[in-house]
Amino acid sequence: MTLHPDRLFPADERTRAIARELHRQTADLPLLSPHGHVDPRLIAENLPFPDPARLFVVPDHYLTRMLYSQGVTPGELGVASVRGEPSEIDGRTIWGRFAEHYRLFRGTPSKLWLDHTFAEVFGIYKELGPDTADEFYDHLSARLAEPAYRPRALFERFNIEVLATTESPVDSLEPHAALAAQTAADGRAWGGRGGKVVTTFRPDNLVEPGWPGWHDRVEALAELTGEDTATFDGFLTALRSRRRDFIAAGATCTDHGNLTAYTEDDPKAAAEIYARALAGEADEAEILRFPGLMLVEFARMSVEDGLVMQLHPGSNRNHNEWLHAGWGRDVGGDIPNATEYTRALKPLLDAFGNHPRFRIVLYTLDETVFSRELAPLAGGYASVFLGAPWWFLDSPEGMRRFREAVHETAGFYNTAGFVDDTRAFCSIPARHDLARRIDAAYLARLVAEHRMTDAEAADVAVDLAYNLPRKIYGLEK
Amino acid sequence: MTLHPDRLFPADERTRAIARELHRQTADLPLLSPHGHVDPRLIAENLPFPDPARLFVVPDHYLTRMLYSQGVTPGELGVASVRGEPSEIDGRTIWGRFAEHYRLFRGTPSKLWLDHTFAEVFGIYKELGPDTADEFYDHLSARLAEPAYRPRALFERFNIEVLATTESPVDSLEPHAALAAQTAADGRAWGGRGGKVVTTFRPDNLVEPGWPGWHDRVEALAELTGEDTATFDGFLTALRSRRRDFIAAGATCTDHGNLTAYTEDDPKAAAEIYARALAGEADEAEILRFPGLMLVEFARMSVEDGLVMQLHPGSNRNHNEWLHAGWGRDVGGDIPNATEYTRALKPLLDAFGNHPRFRIVLYTLDETVFSRELAPLAGGYASVFLGAPWWFLDSPEGMRRFREAVHETAGFYNTAGFVDDTRAFCSIPARHDLARRIDAAYLARLVAEHRMTDAEAADVAVDLAYNLPRKIYGLEK
Amino acid sequence: MTLHPDRLFPADERTRAIARELHRQTADLPLLSPHGHVDPRLIAENLPFPDPARLFVVPDHYLTRMLYSQGVTPGELGVASVRGEPSEIDGRTIWGRFAEHYRLFRGTPSKLWLDHTFAEVFGIYKELGPDTADEFYDHLSARLAEPAYRPRALFERFNIEVLATTESPVDSLEPHAALAAQTAADGRAWGGRGGKVVTTFRPDNLVEPGWPGWHDRVEALAELTGEDTATFDGFLTALRSRRRDFIAAGATCTDHGNLTAYTEDDPKAAAEIYARALAGEADEAEILRFPGLMLVEFARMSVEDGLVMQLHPGSNRNHNEWLHAGWGRDVGGDIPNATEYTRALKPLLDAFGNHPRFRIVLYTLDETVFSRELAPLAGGYASVFLGAPWWFLDSPEGMRRFREAVHETAGFYNTAGFVDDTRAFCSIPARHDLARRIDAAYLARLVAEHRMTDAEAADVAVDLAYNLPRKIYGLEK
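Chains as they are written, first to last, in the UniProt record's numbering: chain E, 1 to 477; chain C, 1 to 477; chain Z, 1 to 477.
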């Protein structure tokens with residue numbers, strides 16, 4: 001498997017030549033990763049990665065779900081059962097099963113990312129398959145044992161300028177504290193404000209009273225902050241206090257994975273539901289309403305402390321009940337559904353959508369809103385920006401459709417730039433390269449069709465790859 | 001009208017050359033037609049086809065609806081009025097009217113199919129129009145009188161391996177019995193298990209209590225099976241009995257054209273509604289709920305007997321009341337509406353979505369669910385596969401959008417391959433050729449953009465055209 | 001900034017050559033503008049245009065909303081505050097602010113239209129930006145002072161055959177009366193039946209009882225017509241009377257901007273709600289229901305008087321409350337939402353969808369209905385035609401998606417052709433040229449892929465650009 005230098009560029013030679021030149025101007029720009037799920041311990045501890053199966057396959061639900069969709073169980077792929085049932089523990093066996101089914105990924109982004117990673121990061125220029133599985137396993141294992149493949153060495157080699165992780169308000173932030181105490185070779189601190197690794201404030205598990213363990217987390221929040229979370233005011237004060245801690249740990253953003261984009265500006269109702277939820281008396285409608293009330297509270301806090309909001313609604317979590325019951329959350333069992341933004345966000349936008357100190361980045365799994373709702377909202381409110389195509393849409397065709405549907409109404413400058421959204425650290429360069437190539441391809445088409453000049457396109461390409469995410473996610477200073 | 005050998009391939013020469021080569025590898029593969037509406041009497045009786053107008057125009061609502069949309073009434077096209085009003089009976093006059101309006105179909109799949117059929121099946125290489133209408137009529141009439149244009153001769157010439165028809169549980173299956181008793185030149189039986197023509201179990205008119213004649217059909221089901229359909233248990237037993245008969249007549253699949261994808265796993269509620277419906281006491285909500293309850297009952301039966309389920313929701317039947325009142329069902333008056341799958345299918349998938357003996361193929365008329373719901377479901381459940389773009393989406397652009405929206409999340413191997421879904425027997429080769437060309441075009445783009453290798457694409461092309469439908473619709477043995 | 005002769009054509013040379021030839025055949029056809037918002041006083045009075053900022057920037061919410069989305073307030077752009085707060089009055093300063101932010105429009109239709117207008121209408125072949133702002137302002141100002149840049153001179157130069165404006169039933173139609181009294185150099189009257197400038201009957205502000213000033217307008221309608229609008233019958237009679245006046249002022253169409261496509265055929269209910277609304281007693285549900293009841297009343301009138309209906313649902317007006325409160329209606333604060341047609345239109349179509357004297361043109365801001373609802377409706381009802389992609393979809397990509405999604409089901413002949421829908425008179429040629437180029441590009445792809453012949457495509461191109469709008473909007477006689 002060699003990586004073709006023109007991969008992902010349009011076939012038409014005229015357009016391809018333009019895309020090639022545009023990509024050349026962004027290919028070596030530093031990587032900004034303002035939204036992701038890498039474990040901060042990885043960089044804080046800088047231990048070697050585990051074996052290839054545990055690095056690449058076991059934790060990546062993009063991969064395990066595809067194999068599962070063809071009958072390979074999570075247990076056969078080494079995913080730990082929540083019921084304590086046995087699951088495969090031999091890395092080489094798991095890897096072999098994966099290699100045997102690698103054909104399922106033909107033409108998918110997962111394969112594009114992996115092939116890029118195998119080649120560019122690990123120097124393997126073959127095609128993974130049953131015949132080469134062991135050779136890959138041995139080669140990867142050998143590399144992973146070398147100092148040059150420790151997380152920090154890769155971080156530097158990948159040219160990552162900032163990597164944001166995601167933590168709950170009840171997370172101790174200890175890995176971030178450790179990172180803040182350490183200085184990299186370039187003189188920048190590994191963590192803390194302006195550091196290379198920063199956190200993101202993600203309060204989902206504190207605003208969904210129906211999520212198992214909610215009462216414990218509300219208690220933990222009280223302990224961490226010394227505030228009395230038995231009242232709604234105390235709860236808000238405690239959250240504000242944690243936001244200050246997160247900002248100290250480098251956070252520039254919050255992130256919100258609500259089921260819907262529903263918002264409501266009614267602190268009194270929020271306080272009442274909070275009290276009823278604490279007492280175990282909230283009904284289902286109240287439990288669904290509370291996160292929407294809290295979104296407006298968080299927007300209020302953002303106006304105060306400057307954290308940029310990110311909203312990712314529309315994922316029906318744990319839809320596959322058999323997977324959920326057997327292997328827990330985040331194993332690929334979520335399914336999107338239609339998501340409405342225009343009416344749902346109006347209360348939040350009425351309150352803060354025109355406020356010069358407020359900024360919200362919207363994502364979606366429902367591409368029908370690209371042209372109908374998101375582009376008009378981003379092109380009509382000073383505070384609204386559009387996040388990169390997310391999850392199932394983080395793909396060549398998904399990104400292309402996003403640009404085609406959004407750009408003509410919202411322009412390029414109301415879009416926030418690429419985020420890799422990944423927990424697969426080694427895939428970060430592959431993901432950014434793919435995004436930069438697809439943007440180059442789209443811009444090249446506009447140039448080839450005389451809808452933009454070369455100079456404009458070059459300017460926009462650099463803005464999309466670097467300047468816009470830097471500015472919109474607050475990474476400038 | 002000559003058929004250009006590069007038709008439907010991308011204009012870019014690099015991509016076109018790849019598409020041409022990919023198509024070459026699938027062009028001569030046998031045709032599998034696991035989902036269609038050809039009348040089994042056609043093959044069982046092997047009589048000559050009627051005149052060109054009655055063969056091509058009168059029964060094809062794709063054609064009559066387009067002419068109707070420009071003011072030509074069904075009666076002028078020979079469609080029989082349900083009120084006994086006169087309709088055109090002269091074939092040549094009908095054909096002339098059709099030819100006069102053939103320009104309405106410019107660039108549409110209907111025209112691509114017809115032009116292919118005129119040329120490849122009937123050897124006419126001209127453009128149909130007012131000037132050539134009579135010439136076409138004479139030429140086609142002459143051909144249709146020849147033995148080589150009898151249905152079975154065409155069946156062999158078309159290289160059809162299996163053709164599935166669609167019958168209601170109260171259908172006698174007599175034509176299939178006749179077919180099962182006859183052997184083709186290649187030694188295979190014309191009908192029965194493993195035969196060339198098989199049936200499909202489609203129980204829609206038994207699960208919609210509001211469909212006129214429902215009580216009579218429930219009665220007929222009792223007579224056909226000797227079961228007592230006065231109870232819900234007897235109704236289910238009778239359906240199971242008919243499924244065995246359908247399996248004997250070659251069926252490998254069921255088909256379900258519910259209004260929505262709503263499902264509910266509650267046999268007790270199903271029994272209650274059934275009783276109320278029998279008594280004529282079911283209200284509208286119950287009548288709408290019953291098909292969703294029955295879907296889960298049918299899934300239960302599929303786990304037992306291995307029939308593959310197919311679900312086609314989302315068509316608002318007989319929307320054009322004037323057409324419906326005047327010319328009956330299935331004359332082109334149906335209009336789709338938005339269709340939700342994620343929540344609607346959860347009860348069925350909770351029950352059987354991870355069962356190794358269960359398989360369901362999902363279709364849609366609402367392409368907004370391609371990337372948002374269908375691809376994630378097919379890529380997240382072992383039992384779910386995606387059917388070909390259906391009806392209004394069975395077109396070059398519809399197929400392209402399907403691949404672009406689905407493939408990156410579900411891969412190619414969770415899609416079930418092409419089905420022609422047609423009652424127009426002579427158009428079957430044209431439809432399969434079109435689908436194979438569009439898949440070749442899509443794969444060629446992936447190759448040209450270095451997202452797949454040539455070898456992978458060739459492998460996938462053959463899988464999509466032959467191996468996948470053979471396996472997923474249970475035609476392997 | 002030079003306008004490339006191949007702009008908006010596909011990059012592939014084979015396809016581009018076909019597109020170039022197709023466009024050549026439509027480029028010089030007269031412009032039909034059957035749906036727009038130019039002020040008729042402009043042509044009636046034929047005064048010089050104001051300064052460049054007031055001509056191009058201040059009234060164009062496509063431009064002001066984009067600048068606002070990046071923090072430039074409407075007041076800074078000279079939009080008048082409804083609260084009497086100061087707003088910028090210096091044209092050159094406004095123009096400078098616009099030029100400074102012109103990069104926001106890179107690749108958007110707004111920039112394509114403006115660059116075309118600067119070059120082709122005003123002879124400026126530079127790129128607008130901070131460095132050239134003054135040069136543009138001086139050049140444009142000088143041109144605007146010349147007689148050749150008066151509205152009527154441009155009207156002739158633009159080769160406009162018919163321009164429709166939009167008026168409320170309570171509009172005096174005085175400018176149209178003035179136009180009807182004047183004859184152009186080509187001997188045609190400037191206004192009146194068959195004139196160059198005609199009106200369109202748009203009753204929105206009379207059918208939304210919740211719209212401020214409704215009672216006054218109902219009163220004004222009584223005064224204008226001498227009918228007693230205190231009863232629903234009188235209201236309908238008055239509207240019929242005004243329709244006759246509009247027809248005398250050249251109207252061939254009505255236009256309806258309802259929030260949804262909801263229709264209901266129940267004159268009795270309409271009368272009751274009307275009475276309650278007059279008495280100030282209508283509740284919110286009734287206020288939302290009334291426009292849908294009135295749509296069927298207007299359809300009934302159209303069957304009588306032949307006016308073609310146009311329906312534009314789905315815009316959530318004045319979504320940005322801060323903009324609305326500060327700068328009023330129509331300043332770019334509207335946001336679309338999902339819009340259902342299949343069920344909503346059934347009552348209207350049951351009543352008139354198959355009537356030979358009824359015609360309705362449907363538009364949408366929700367492109368998900370292109371293939372799912374609109375194309376099947378247009379391809380299934382004799383009375384239904386599809387309007388051009390509207391507003392946020394009036395763009396190269398939006399038009400392309402419209403053709404791709406609609407054409408295969410509805411054909412070309414159930415689409416009504418381009419409408420510019422603009423109040424920016426000077427941009428009319430640019431908008432039509434863009435639409436003709438995109439249609440040429442789409443047709444060229446069909447030809448290059450051997451889905452149509454050259455001759456068919458040339459025929460269709462001319463039909464789309466001229467013959468279809470002429471016929472469908474009733475401009476033939």
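Keep in mind that a hint or two might mislead.
Said to hold, decoys possible - Calculated lysine to aspartate or glutamate pairs in the EDC-like style (CA-CA distance at most 16 angstroms, straight line):
1) K126/C with E456/Z
2) K346/Z with E321/C
3) K346/E with E321/Z
4) K346/C with E286/E
5) K346/Z with D233/Z
6) K268/E with D245/E
7) K126/E with D39/C
Unchecked claim - Stretches of chain Z that chain C covers, calculated by requiring three or more beta carbons in the stretch to come under 8 angstroms of a beta carbon on chain C:
8) 12 to 20
9) 312 to 325
Claimed, not checked - Calculated Cβ distances over 12 angstroms to all of chain Z for the following chain C residues:
10) P5
11) L67
12) T108
13) D138
14) L144
15) W211
16) E304
17) N354
18) D366
19) R400
20) R437
Worth flagging that the hints you see were computed from the coordinates, not collected in a lab.
All of these numbers come straight from a predicted model, not from anything done at the bench.
Just so it is clear, CB atoms sit at the ideal spot from N, CA and C, and this is done for glycine as well.
Evaluation of the provided hints:
1. K126/C with E456/Z: Distance of about 14 angstroms is within 16 angstroms: holds.
2. K346/Z with E321/C: 9 angstroms, holds
3. K346/E with E321/Z: Since the Cα atoms of K346/E and E321/Z sit roughly 9 angstroms apart, the hinted pair holds (cutoff 16 angstroms).
4. K346/C with E286/E: 23 angstroms, violated
5. K346/Z with D233/Z: Measuring from Cα to Cα gives roughly 25 angstroms; hence the hint is violated.
6. K268/E with D245/E: At roughly 27 angstroms apart (the allowed maximum being 16 angstroms), D245/E and K268/E break the hint.
7. K126/E with D39/C: 52 angstroms, violated
8. 12 to 20: Held - the region 12 to 20 of chain Z has 3 residues with a Cβ nearer than 8 angstroms to chain C, which meets the minimum of three.
9. 312 to 325: Check failed, 0 qualifying residues.
10. P5: Incorrect as stated: the minimum Cβ-Cβ distance to chain Z is 9 angstroms, not above 12 angstroms.
11. L67: 10 angstroms, violated
12. T108: For T108/C, whose nearest Cβ neighbour in chain Z is about 5 angstroms away, the distance does not exceed 12 angstroms, so it is violated.
13. D138: Correct as stated: the minimum Cβ-Cβ distance to chain Z is 24 angstroms, above 12 angstroms.
14. L144: Since the minimum Cβ distance to chain Z is about 27 angstroms, L144/C lies beyond 12 angstroms and the statement holds.
15. W211: About 19 angstroms separates W211/C from the closest Cβ of chain Z, which puts it past 12 angstroms; holds.
16. E304: Per Cβ check, E304/C is outside 12 angstroms of chain Z; nearest 36 angstroms; holds.
17. N354: With a cut-off of 12 angstroms, N354/C remains clear of chain Z, as the shortest Cβ separation is near 30 angstroms.
18. D366: 5 angstroms, violated
19. R400: Given a closest Cβ separation of 9 angstroms, the condition is violated.
20. R437: Its Cβ does come within 12 angstroms of chain Z, the nearest being 9 angstroms, so this is violated.
Hint compliance for this structure: hints 4, 5, 6, 7, 9, 10, 11, 12, 18, 19, 20 are broken, all remaining hints hold.
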